[in-house]
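Listed in order, the protein sequences are those of chains A and B.
Quick note: the first sequence, position 126, residue 126 per this note's numbering, numbers continuous.
In short: position in the second sequence from 1, add 195, done, that's this note's numbering.
Since the hints were derived computationally from the structure, they do not count as laboratory data.
As the structure is a computational prediction, the values presented were derived from the model and not from experiment.
Any given hint might turn out to be false.
[As the list claims (entries may be wrong)] So the derived list for chain A, only partly shown, Cβ under 10 Å to chain B, looks like this:
hint	residue
1	Val116
2	Thr154
3	Arg159
[To be verified] DEER-style ranges, computed between Cβ atoms:
hint	chain 1	residue 1	chain 2	residue 2	range
4	B	Glu385	A	Val120	32 to 42 Å
5	A	Arg130	B	Glu385	38 to 48 Å
6	B	Ser251	A	Ala146	54 to 64 Å
C-beta: ideal position from N, C-alpha, C; glycine also.
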Amino acid sequence: MDACKREVTTVSDEPGDEDAETDGGVRAYTVRLELVDEPGELLRALEPIANNGGNLLSIHHERGNITPRGHIPVEVDLESPPDRFDDIVDALRDAGVNVIQAGAEHYGEEVSVVLVGDLVDTDLSDTLSRIEDEADAVVRDLSLAAPDGTDAVTSARVRLAIDSGNADAALEAIRSLGSKKELTVVEPLLGGDAP
Amino acid sequence: MKLAILGAGDVGRSVADLAGDYGHDVVALADSTTAAVDPDGIDVDGALERKVGGQSVGSNDPEAVFETEYDVLVEATPTTLGDAEPGFSHVERALEDDRHAVLANKGPVAERYEELRALEADSAGSVRFEATVGGAIPILSTIEDETPQAVTAVRGVLNGTANFILTRMAAEGLDYEHVLAEAQDLGVAEADPTFDVDGTDAALKFVILANVLADGGFALEDATVEGIQSIPGSALDLAAEDGRTIRLIGEATREGVRVGPRLVPENGPLAVTGTRNIVQIETRNAGSLHSSGRGAGGPETATAVLSDVGRLPPL
Numbered sequence: 001m002d003a004c005k006r007e008v009t010t011v012s013d014e015p016g017d018e019d020a021e022t023d024g025g026v027r028a029y030t031v032r033l034e035l036v037d038e039p040g041e042l043l044r045a046l047e048p049i050a051n052n053g054g055n056l057l058s059i060h061h062e063r064g065n066i067t068p069r070g071h072i073p074v075e076v077d078l079e080s081p082p083d084r085f086d087d088i089v090d091a092l093r094d095a096g097v098n099v100i101q102a103g104a105e106h107y108g109e110e111v112s113v114v115l116v117g118d119l120v121d122t123d124l125s126d127t128l129s130r131i132e133d134e135a136d137a138v139v140r141d142l143s144l145a146a147p148d149g150t151d152a153v154t155s156a157r158v159r160l161a162i163d164s165g166n167a168d169a170a171l172e173a174i175r176s177l178g179s180k181k182e183l184t185v186v187e188p189l190l191g192g193d194a195p
Numbered sequence: 196m197k198l199a200i201l202g203a204g205d206v207g208r209s210v211a212d213l214a215g216d217y218g219h220d221v222v223a224l225a226d227s228t229t230a231a232v233d234p235d236g237i238d239v240d241g242a243l244e245r246k247v248g249g250q251s252v253g254s255n256d257p258e259a260v261f262e263t264e265y266d267v268l269v270e271a272t273p274t275t276l277g278d279a280e281p282g283f284s285h286v287e288r289a290l291e292d293d294r295h296a297v298l299a300n301k302g303p304v305a306e307r308y309e310e311l312r313a314l315e316a317d318s319a320g321s322v323r324f325e326a327t328v329g330g331a332i333p334i335l336s337t338i339e340d341e342t343p344q345a346v347t348a349v350r351g352v353l354n355g356t357a358n359f360i361l362t363r364m365a366a367e368g369l370d371y372e373h374v375l376a377e378a379q380d381l382g383v384a385e386a387d388p389t390f391d392v393d394g395t396d397a398a399l400k401f402v403i404l405a406n407v408l409a410d411g412g413f414a415l416e417d418a419t420v421e422g423i424q425s426i427p428g429s430a431l432d433l434a435a436e437d438g439r440t441i442r443l444i445g446e447a448t449r450e451g452v453r454v455g456p457r458l459v460p461e462n463g464p465l466a467v468t469g470t471r472n473i474v475q476i477e478t479r480n481a482g483s484l485h486s487s488g489r490g491a492g493g494p495e496t497a498t499a500v501l502s503d504v505g506r507l508p509p510l
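The task is simple: from the sequences and hints, build the whole structure.
Have a look at this one:
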């Protein structure tokens, strides 16, 4: 067991990432666990994640794939603020869960879009919550400009946290919401300049 | 080479004016009503003086252009959409007569690319059209050098008027209408700027690029196009708070064409200012290439026409 624990892999932060986010910004992580094949084991392993601010994304419970030691491998995808992730791993170990690998497999991305139109009349808070639902995103912050009052054309910049690799789908969803609500959506240009 | 130039607007006149410097002779220059034709080379200065002075270019019928001995037809008549006439028929006649055709007119290449290539295949002449995309900037020749198969996408700013308007709006905090009026006063925007600001002009260029990448398959109707008319100054202010700005950006890939206002880093390569144009050519083996320069203007576009002429094989 101790040998297993030493296998824990820590993946360092992606180099070249401009401003390191300390507040906000969740990242997605994958944790591989090995559980004893006993009732309640899975639940016991997931509790420390939720209790330490992790948001479960998916759980892959490979019941049919018993390890040589007779354990069941489980792969858990979760999101958490980067500064909470170590706490989650520590809490899992404190709870006696065998953590085989913990690391940032993919990084959450951030994208900003600017919305233009009759944002107030089209119910801004509904727009934002539909963006969260339909684009599978989290609104990180919102900046509004209404130089001619809220009855006229207003603009909003919305910063969104999304799963890595999901930007195209998220933007597509926002685009279709924009056309339903007759809002102009100014999307970021992705690709090309990205490292 | 002996050039027959159709169209005596800024581009046609500049091609006539500069042809001698590049070692070519102008045997015909025509506008929509008359032509100056001389198999031994026309008096270019005289023809240009007459045109600018509001007189007829010459004493011949434009039809006479096709009867004379020429090597390269330079198609510089105004761009038309849909059937792209009369430009398309002009090029068709040249190719059927086994002459080369060099286009500055976007219509035939954007709207009828496959037909154009089919005519070329049956002709001893070739078709080139560097001047249709990005004025003076060597874009198509760069793609040709990289080979189209090795280019995965082309993105960028290919309309100077829209870029000028967005630049001024961001710098001065002014609204669209105000800056458009200013651009018209400066002669940067035409009296009817519709095709520049609604994205059509940029879309035609990116359709041409997509046709080159995919060897055809696209026309203007296949492009997703949005203009800049609905962008208020406040949207640019918000973008700037975040270190970004808004530009009318086009994207051409083998999958499609899209033109619309997009957020780009304020200090990034694509955020060119004023009427400047830029393209980013994304390649499979050589990373991204950026070329920037003047995307319009008579002499600028004429240099693209003349470098095409220089690349043509002898007939």
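Original post:
For this structure, which hints from the list above don't hold up?
Top reply: none
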